[in-house]
Amino acid sequence: MKKIAFSFQNLSFTHANGKEALSNISISASAGEAIAIIGSSGSGKTSFLNLVATALRPSRGSITVLNVDPWAISKGRLQRLRSQLGLVHQAAPIPPRQRVITAVLAGRLGQWPLWKSVLSLIYPVDIAGPQACLQKLDLADRLFDRCDRLSGGQLQRVGVARVLYQKPNLLLADEPVSAMDPVLSDLTIQVLLEDAQTRNACFVASLHAVDIALRWFPRIIGLKDGEVFFDLPASEVSESLLQQLYAAERGVIPTQGSIN
Amino acid sequence: MTVIRGITHRRDPAALQRFLITSIALAILWPMMELAQFDVFALFEDRKLNVFINFLGQFFPPDLQRSFLLLVIKATLETLAMATAGITLAMLIAIPLGLIITYSLSISRIGPASGHWLAKLGRYCARMLMLLLRGIPEIVWALLLVRVFGLGPIAGVLAIGITYGGMLAKVYSEILETGNTLPAKALLISGSGRVNAFLYGLLPGTAQELASYTVYRWECAVRASVVMGFVGAGGLGQLMDQSMKMLNGGEVSTILIMFLLLVLLADYISLVIRRQLA
Amino acid sequence: MNTHPAREFCLKCLVTLLVILSCIAVSFIYLSFNPLALFTKQAMSDVAIYTARFFPPDLSPLFLKKVWDGVLQTLAISALATLLAAIASLFLALPAAGQFGHAPKVMTRFLLNFLRSVPELVWAVLMVLAVGLGPFAGTLALCLHTIGVLGRLFGETLENHPQESTEALKLAGASKAQAFIYGALPGVFSQFLSYSLYRWEMNIRMATILGFVGAGGLGQILYYELSLLHEPQASTVIMAMLILVIGVDMVSNQLRRVQMHSLG
Numbered sequence: 001m002k003k004i005a006f007s008f009q010n011l012s013f014t015h016a017n018g019k020e021a022l023s024n025i026s027i028s029a030s031a032g033e034a035i036a037i038i039g040s041s042g043s044g045k046t047s048f049l050n051l052v053a054t055a056l057r058p059s060r061g062s063i064t065v066l067n068v069d070p071w072a073i074s075k076g077r078l079q080r081l082r083s084q085l086g087l088v089h090q091a092a093p094i095p096p097r098q099r100v101i102t103a104v105l106a107g108r109l110g111q112w113p114l115w116k117s118v119l120s121l122i123y124p125v126d127i128a129g130p131q132a133c134l135q136k137l138d139l140a141d142r143l144f145d146r147c148d149r150l151s152g153g154q155l156q157r158v159g160v161a162r163v164l165y166q167k168p169n170l171l172l173a174d175e176p177v178s179a180m181d182p183v184l185s186d187l188t189i190q191v192l193l194e195d196a197q198t199r200n201a202c203f204v205a206s207l208h209a210v211d212i213a214l215r216w217f218p219r220i221i222g223l224k225d226g227e228v229f230f231d232l233p234a235s236e237v238s239e240s241l242l243q244q245l246y247a248a249e250r251g252v253i254p255t256q257g258s259i260n
Numbered sequence: 001m002t003v004i005r006g007i008t009h010r011r012d013p014a015a016l017q018r019f020l021i022t023s024i025a026l027a028i029l030w031p032m033m034e035l036a037q038f039d040v041f042a043l044f045e046d047r048k049l050n051v052f053i054n055f056l057g058q059f060f061p062p063d064l065q066r067s068f069l070l071l072v073i074k075a076t077l078e079t080l081a082m083a084t085a086g087i088t089l090a091m092l093i094a095i096p097l098g099l100i101i102t103y104s105l106s107i108s109r110i111g112p113a114s115g116h117w118l119a120k121l122g123r124y125c126a127r128m129l130m131l132l133l134r135g136i137p138e139i140v141w142a143l144l145l146v147r148v149f150g151l152g153p154i155a156g157v158l159a160i161g162i163t164y165g166g167m168l169a170k171v172y173s174e175i176l177e178t179g180n181t182l183p184a185k186a187l188l189i190s191g192s193g194r195v196n197a198f199l200y201g202l203l204p205g206t207a208q209e210l211a212s213y214t215v216y217r218w219e220c221a222v223r224a225s226v227v228m229g230f231v232g233a234g235g236l237g238q239l240m241d242q243s244m245k246m247l248n249g250g251e252v253s254t255i256l257i258m259f260l261l262l263v264l265l266a267d268y269i270s271l272v273i274r275r276q277l278a
Numbered sequence: 001m002n003t004h005p006a007r008e009f010c011l012k013c014l015v016t017l018l019v020i021l022s023c024i025a026v027s028f029i030y031l032s033f034n035p036l037a038l039f040t041k042q043a044m045s046d047v048a049i050y051t052a053r054f055f056p057p058d059l060s061p062l063f064l065k066k067v068w069d070g071v072l073q074t075l076a077i078s079a080l081a082t083l084l085a086a087i088a089s090l091f092l093a094l095p096a097a098g099q100f101g102h103a104p105k106v107m108t109r110f111l112l113n114f115l116r117s118v119p120e121l122v123w124a125v126l127m128v129l130a131v132g133l134g135p136f137a138g139t140l141a142l143c144l145h146t147i148g149v150l151g152r153l154f155g156e157t158l159e160n161h162p163q164e165s166t167e168a169l170k171l172a173g174a175s176k177a178q179a180f181i182y183g184a185l186p187g188v189f190s191q192f193l194s195y196s197l198y199r200w201e202m203n204i205r206m207a208t209i210l211g212f213v214g215a216g217g218l219g220q221i222l223y224y225e226l227s228l229l230h231e232p233q234a235s236t237v238i239m240a241m242l243i244l245v246i247g248v249d250m251v252s253n254q255l256r257r258v259q260m261h262s263l264g
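Chains A, B and C, in that order, are what the protein sequence lines are. Heads up, the first sequence is in this note's numbering, so the first residue is 1 and it goes up one at a time. Heads up, the second sequence is in this note's numbering, so the first residue is 1 and it goes up one at a time. Heads up, the third sequence is in this note's numbering, so the first residue is 1 and it goes up one at a time.
Pulled out of the complex, with its shape left as it was, chain A reads as follows:
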């Protein structure tokens, strides 16, 4: 029996301003799967990921993440659950004046006691670990630089390195390669996929570029207007399906490097 990574049951989510982002979604994913979520802007990709990451609470329906309902457990257990969830944000949420090494080390804060976190500020408790993560992303030479000295794409990679360092059991990524050129995007997605496989972790990424999704991910979920338009293996995703998915954008299918 394969372990379930996460599942939605009749889940709907409405923003505070009344706009319904997701309606009546029932879907599940097992451990070790790699899923790409695609759809035009406003289709609900970010809300989907935020719900799995327990950043948002469903308005209707229920959700289980790593076999627990995150909203039915104590704060302490939720904190421990979250330390097993890694989310790569679209815009790396890193204070500009922080150094790269501290930013990456922050990935394990959920697993460290407070004294260790404070000690690490004085002298980093682990230099080899972050260095290895950054090396995979070709960024090891910037280990001790300040984050405000990095370009947008480099900062995004630091965000990825932080999640790699965290070694989560459920990897989520919200448009992780939006600021990168095609070569770096491929490298980053590959690194994330490999990392997820070493722990048999489920990996879900929302992507703007359809070509990357089709190239690397065996399962594709297409969201349209807050609903699941299709949920198919990559080989069964046809051109016409994609055109219907992006009908709002006049059927132009976005690829890496295109401006949409």
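Worth flagging that the hints you see were computed from the coordinates, not collected in a lab. Remember, predicted model here, so these are calculated numbers, not experimental data. Ideal Cβ placement from N, Cα and C applies to all residues, glycine included. Heads up, some of the hints might be wrong.
[Unchecked claim] To give an idea of the interface, some chain B residues facing chain A are shown, with a C-beta separation under 7 Å as derived from the structure:
| id | residue |
| --- | --- |
| 1 | D12 |
| 2 | P13 |
| 3 | A15 |
[Said to hold, decoys possible] Once the Cα atoms are required to be at most 20 Å apart in a straight line, the calculated PhoX-like pairs of lysine-lysine come out as:
| id | chain 1 | residue 1 | chain 2 | residue 2 |
| --- | --- | --- | --- | --- |
| 4 | A | K75 | C | K41 |
| 5 | A | K116 | A | K167 |
| 6 | A | K224 | A | K19 |
| 7 | A | K136 | A | K167 |
| 8 | C | K105 | A | K116 |
Given chain A, put chains B and C in place with the hints provided.
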């Protein structure tokens, strides 16, 4: 760099700097604590702690006897009067002093005049005087003036007048200098006197800011008046000093409550006046 | 384009002005203070005689050493008080910014307001009662008052700071404290430092006068000498106070100019 299993581990380059800073900080911290006689254990010395806790215990309930409340209200009025009279005196000092200092009213700067260096000297002396008035805290002035004029609010009024006079003069001159100085310059060039140039050239534009700052200073003066009472300058402060010396916690807490109300009142009044002036 | 007639007759302004003037008059009357009495021959000669007693100031090496110790003690009191207050405020900034919920926020803000509103001198008197005469009381008093000031400033800064970094760390399982240290602190630290240094400057001024109620520093020396009617010694102490305050003012102006340069 150490090499283990083919992977080079780097050292944190900021480590040395942090170590040095921490060492220097610790080296200063220890003598600093000695100088300030920072002995935390004195806090828990049995005898003193009991007296203090007893004293604190008396804070509830506050003393609300009619006779005492009358005393407190009288003292509060005295404090308010002290602050108002003090600020008035300060303005009387600050206005001429400020006018002397303000560059934009300087006639000698505009054209050739024999008294140029004299005016500069005058301005320099005025600035020095201002520094002296401001530099010495008002409570020191109060302490000295109490010895000349005796205990009571008069020393407080004078102390506020002197220090705040210096403060107001500096800020007035800054406001006048950074305002729109063209009208005043125009008047000076066409031969009007300094005072006229001020009244017709600078005052209209800056009046609101000047008044606003003065009212703000009045609010500070209310607080300062209370503090000066501790050296004998009357008002709420002197009352509190007496009550504290007698370890009467109930009276002290009444006065403290009154003080907090007074500060709120002064805050409100100043807000109202400033809104009226707008 | 100003289409209003020049300066309409403002009744409100006139009324306000009259009210203020009458309050001023009432104040002078209430205090039975006739300012002209200051300028009588008797009063002026009293002042002149008293002032003359202050010169020449006592510049003997023994007393100068005492005053120098007083200066160092004043600096130590202010520095220690500000340092401890800054550390305490760092902790209090979290509840004050609402990180632990609404009720702790209200309670913390109330506590901080109370600490702030009570003047430093009043705290000093209370601390002298608690721990006895000397600079320790002064340090505690300044520390308590400064916690009120810095705690509120830190709390407001933290509240207005963008929360994304902190929230992201919480989503990865960090505790509130950890999320603050790694997410918000790097951004607000320089502002906190700036507030603390500014407060230290003001505390030096305060520390010089807390001694009047027995809390150490130059103030205690001044009070002592004046009580013994040692005017020459008192004038030395006053000069030392002036030099200290002006010196600190100049140094901080220079540092501010350097900081401006480095930012630009």
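Each hint tested on the structure:
1. D12: holds (6 Å)
2. P13: P13 of chain B check passes; min Cβ-Cβ to chain A is 6 Å, inside 7 Å.
3. A15: holds (6 Å)
4. A:K75 with C:K41: Violated: K75 of chain A and K41 of chain C sit about 79 Å apart, past 20 Å.
5. A:K116 with A:K167: Roughly 18 Å between the alpha carbons, so the hint for K116 of chain A and K167 of chain A holds.
6. A:K224 with A:K19: holds (14 Å)
7. A:K136 with A:K167: The given pair, whose Cα atoms are some 14 Å apart, holds under the 20 Å limit.
8. C:K105 with A:K116: violated (28 Å)
Going through the hint list in order, the structure does not satisfy hints 4 and 8.
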